[in-house]
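Novice: Residue numbers (the working numbering), protein chains in the order written: chain A, 1 to 382; chain B, 1 to 382.
Hints are computed from structural coordinates only; laboratory data are not their basis. Worth double-checking, as some hints may not be accurate.
The list makes no distinction among identical chains, and a pair is therefore deemed to hold if it is satisfied within one copy or across any two copies.
Unchecked claim - Computed list of lysine-lysine pairs in BS3-like fashion (alpha-carbon distance at most 30 Å, straight line):
(1) K16 x K369
(2) K120 x K42
(3) K21 x K119
(4) K21 x K120
Take a look at the letters that make up each chain.
2 protein chains.
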Amino acid sequence: MLNFQFYNPTRIVFGKGTISKLRELLPAGKRILMTYGGGSIKKNGVYDQVKEALNGFDVIEFGGIEPNPEYETCLKAVDVVNKENVGFILAVGGGSVLDASKFISIAAGYDGDKWEIMKKLMPLPQKVPVGAVITLPATGSEMNCNLVISRRETKEKFGGGIPSAFPKFSIIDPSVTFSLPTRQTVNGIVDTFVHVMEQYATYDVNSPLQDRWALSIIQTLVEEAPKVLKNPNDYDVRANLFWCATTGLNFMIAPGVVEDWSTHALGHELTALYGLDHGQSLAVILPRLWKALFNEKKEKLAKMARIVWNVGGTDDEAAEKCIALTEEFFRSIGMKTNLSEYGVDAAEAAAELKRRFAERGVNPGETGKLTPDVIYKIVSES
Amino acid sequence: MLNFQFYNPTRIVFGKGTISKLRELLPAGKRILMTYGGGSIKKNGVYDQVKEALNGFDVIEFGGIEPNPEYETCLKAVDVVNKENVGFILAVGGGSVLDASKFISIAAGYDGDKWEIMKKLMPLPQKVPVGAVITLPATGSEMNCNLVISRRETKEKFGGGIPSAFPKFSIIDPSVTFSLPTRQTVNGIVDTFVHVMEQYATYDVNSPLQDRWALSIIQTLVEEAPKVLKNPNDYDVRANLFWCATTGLNFMIAPGVVEDWSTHALGHELTALYGLDHGQSLAVILPRLWKALFNEKKEKLAKMARIVWNVGGTDDEAAEKCIALTEEFFRSIGMKTNLSEYGVDAAEAAAELKRRFAERGVNPGETGKLTPDVIYKIVSES
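Chain A extracted, bound-state conformation:
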């Protein structure tokens, strides 16, 4: 096991009817900035539940935060925080709204060029605390200090962790996810799956408990995913999937292990270039990345095949089956795994990604073996 530090001070309030607990969680006498996105919370009843819980509080609303939250939009909210004497930011929605709110709070207290905060992931404090009512099981933002912010003007997108950015609390009521479109449910499952893999499918450092915890999330996803497609209104299934999403990226499976994050690095580029959903881009990359780095990953992949799918055989055989079964799982829940299915020319995408990573001069991943040439191979085979 590697040396590690673990720290996660977010309070999770989980279950049916928990939005009403907002009254106990918010600081009394402070002006609340309620942030949200494009209005889906007005359709699924969450907006009304939150407004009811906030009855008697001094609340300013700030809607319109984009799915890939935009720097310019955040700056408008920063102005509101500073001019209106806001004392708490309450994010209501998915990971994007919460990511934006984390940034808004930090940027509100910084007088320099605020884009530098994301560019350098500056370890600045939050100006005011942030809390969340989280409605989408996917990013894990509800229980980590990560945020991703985009800037259209410069075509940049930066993400990562800033230590102060943990939400003070996150309320998770799985029943608000009953009405999620299938596409978002599936994206969230794949996103969670790949988050776990970025922390598991590397090389072995003798961390049996962390490995088992990681694979526990995968086993649960594989078990619950078909159920949610059949019965989207099954509370227990929705609750299990949400807890998988939260634990998939609250770093409880990460202490002492080697992390990867190269599937995300490549996927982000596909999203930026061709507009693939985040989950879609990950599903396209992951199986090919594993094939390209087979020797580096096969020990963990074989272990996964044995535990999750009860596969026998040698390490090589089991690892190969793991790759096939992972892609099969994605396809079984309706996630397409080939670039051509999204109307993208794989050769063209491969050339562009090779160019971009060569320009940066740093190979992503845990072994340094993901060179621009290997990236070309992965994407061209996607």
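Assemble chain B onto chain A, guided by the hints.
Specialist: Coordinates of chain B only, in the frame set by chain A:
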């Protein structure tokens, strides 16, 4: 899954050589009270490492905290905190030293009858923060808000959680456990095993991820325990066992599930009456408690037998094997599981425990079926 809240703000600093990180973790300019026990830290080198890390800090030492920390001793430390303007308490040792330090900090800020704090588990704030260098994998105190304090004068022992009592940080260097006596290593493994069972072996509420995480700890214990007895100086094995102990009681496996804690309730009485080690008392009770409440527990026990020991058969058969294999595991690592082996008359102990629980008028456990008569049966068969 049940509704839940999860909150755990302790920073864990884990690994070889981490005691030197104390300098970064302690507040500058504050007077430190360094608490410890009977002096084992002076033999295993921890005392020297801590003193070296504290070079330049203003430190007062307070040694002599007992294995079952004593109220009167804690009161003496409370006086030191208040008279000497202490700004931080650093516990160095096992769970007892840390439990005592949690209590000392809370009691130092309370003017009333300080024993009431434990009796009623009063949700008071800490007067000063507490941190730890933890040297024994067992209680999990390093990452929870629990504490147990004894009072010889009144023959009372109270324990439980007080929300403010989380350590600010805990340093865990598994290499300091190389020199642990086998008895303490084995006690710690059994203690961890039973902590997990108190959060797992109840009734099913559809919590597949939590169940898998719990059983992951058990699988790891079963795998690593024989190794540590053979190679006590194997760093990876010690590290894996320590992380099992910490995660066994930091409540990461508890959210949304039903908890039990009756093995602890009965075990505490055996410790108080006959001086059995905490781990020993648990090993004696657990298998018989499962037999007595077989119908209430069999679904979870069968699941455990299948996952941990790959057992087939019906639920009844698998659950019975789970009980037998658990006791076999305890005995295989040298833990005696019969009261007679500790020189205790089971019939006499059974009568006394029946009397004590009848007097209290509350049945321990998750189902209310652990009546004084059932307790008599369990202990008399132990």
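Novice: Each hint: holds or not?
Specialist: Hint check results:
Proximity of K16 and K369 under a CA criterion of 30 Å is satisfied inter-copy only: 28 Å between copies versus 46 Å inside one chain copy. Within a single copy, K120 and K42 get their C-alpha atoms no closer than 36 Å, and across copies no closer than 45 Å, so neither meets the 30 Å cut-off. In this homomeric assembly, K21 and K119 come within 30 Å of each other (Cα to Cα) only across copies, at 29 Å, whereas the closest approach inside a single copy is 36 Å. Taking CA atoms no more than 30 Å apart as the test, K21 paired with K120 passes between copies only; the shortest distance there is 25 Å, against 36 Å inside one copy.
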